[in-house]
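S.K.: Residue numbers (the numbering used here), protein chains in the order written: chain A, 1 to 117; chain B, 1001 to 1114.
It should be emphasised that the hints constitute simulated quantities derived from the structure, not laboratory data.
There may be inaccurate statements among the hints.
Stated by the list, open to error - Derived lysine-lysine pairs resembling BS3-like cross-links, with alpha carbons at most 25 Å apart:
1) LYS14/A / LYS1042/B
2) LYS1101/B / LYS64/A
3) LYS41/A / LYS66/A
4) LYS1042/B / LYS41/A
5) LYS1101/B / LYS41/A
6) LYS66/A / LYS1101/B
7) LYS41/A / LYS1109/B
8) LYS20/A / LYS64/A
9) LYS1056/B / LYS1068/B
10) LYS1101/B / LYS1068/B
11) LYS66/A / LYS20/A
12) LYS1101/B / LYS55/A
13) LYS1071/B / LYS1101/B
14) LYS1056/B / LYS1109/B
15) LYS64/A / LYS14/A
16) LYS1071/B / LYS1056/B
17) LYS1101/B / LYS1042/B
18) LYS1101/B / LYS1056/B
19) LYS66/A / LYS14/A
20) LYS20/A / LYS1042/B
21) LYS20/A / LYS55/A
22) LYS1109/B / LYS1071/B
23) LYS66/A / LYS55/A
24) LYS1042/B / LYS1109/B
Said to hold, decoys possible - Calculated Cβ distances over 10 Å to all of chain B for the following chain A residues:
25) PRO8
26) CYS13
27) LYS14
28) SER15
29) GLY16
30) ARG24
31) ASP27
32) GLY53
33) LYS64
34) LYS66
35) LEU74
36) SER89
37) LEU117
As the list claims (entries may be wrong) - Simulated restraints on C-beta separations:
38) ALA1078/B / VAL3/A: 27 to 37 Å
39) VAL3/A / ASN1027/B: 29 to 39 Å
40) SER54/A / ILE1020/B: 39 to 49 Å
Note that beta-carbon positions come from the ideal geometry of N, C-alpha and C, so glycine has one too.
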Amino acid sequence: GAVVSQHPSWVICKSGTSVKIECRSLDFQATTMFWYRQFPKQSLMLMATSNEGSKATYEQGVEKDKFLINHASLTLSTLTVTSAHPEDSSFYICSAGASRISTDTQYFGPGTRLTVL
Amino acid sequence: GESVGLHLPTLSVQEGDNSIINCAYSNSASDYFIWYKQESGKGPQFIIDIRSNMDKRQGQRVTVLLNKTVKHLSLQIAATQPGDSAVYFCAERRSSGGYQKVTFGTGTKLQVIP
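Please model the complete structure; the sequences and the hints are all you need to start from.
M.R.: This is how it looks when you write it as structure tokens:
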């Protein structure tokens, strides 16, 4: 089956620093990638949708300048949390789909645990 | 507003019994529904899906039922095993702004009692 990886799996950083999270599709080309955030004991909340080669579409309430998304190739998308603060501590999960039109098949990564001190 | 929600936040089931996890959705435009299983510290794992033109779909030990009249979705797990212990999310897909978005419900924690 299709595999999506994330790196790092966990990261601890100081307040004010920036953190980059990578999402890779290992054995398929991901036309569309999705970034989710999940707080403890809560559901996944979609942050943004990105298509390769174009700007990401952010959900309402998600700051574009704070959560920078780059989908430069068909196998890699990155999420950069800029000037991170303790309230940004969360579990960040990406998913990848092979079709721009259909999300019938959406493969999830293992997630990245971010802790901001 | 539009939402996908669950009736029971926690469900405890004896090993070997059947489990039923319920989900209510409010967006009648949703055309596709998915159940995911999430173990602690991991990403969601696809279990089973169903399109809006169906009312039942079966997989291995799992069955999803869709009642569009009352906007209700359920996941049935037969002969529940300790390995089934996890949080289960229903999700709905709908078109929005040219993309198809998947919205997750609040989740139900399934605890299997050995």
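S.K.: Looking at the structure, which of the earlier hints fail to hold?
M.R.: Every hint satisfied by this model.
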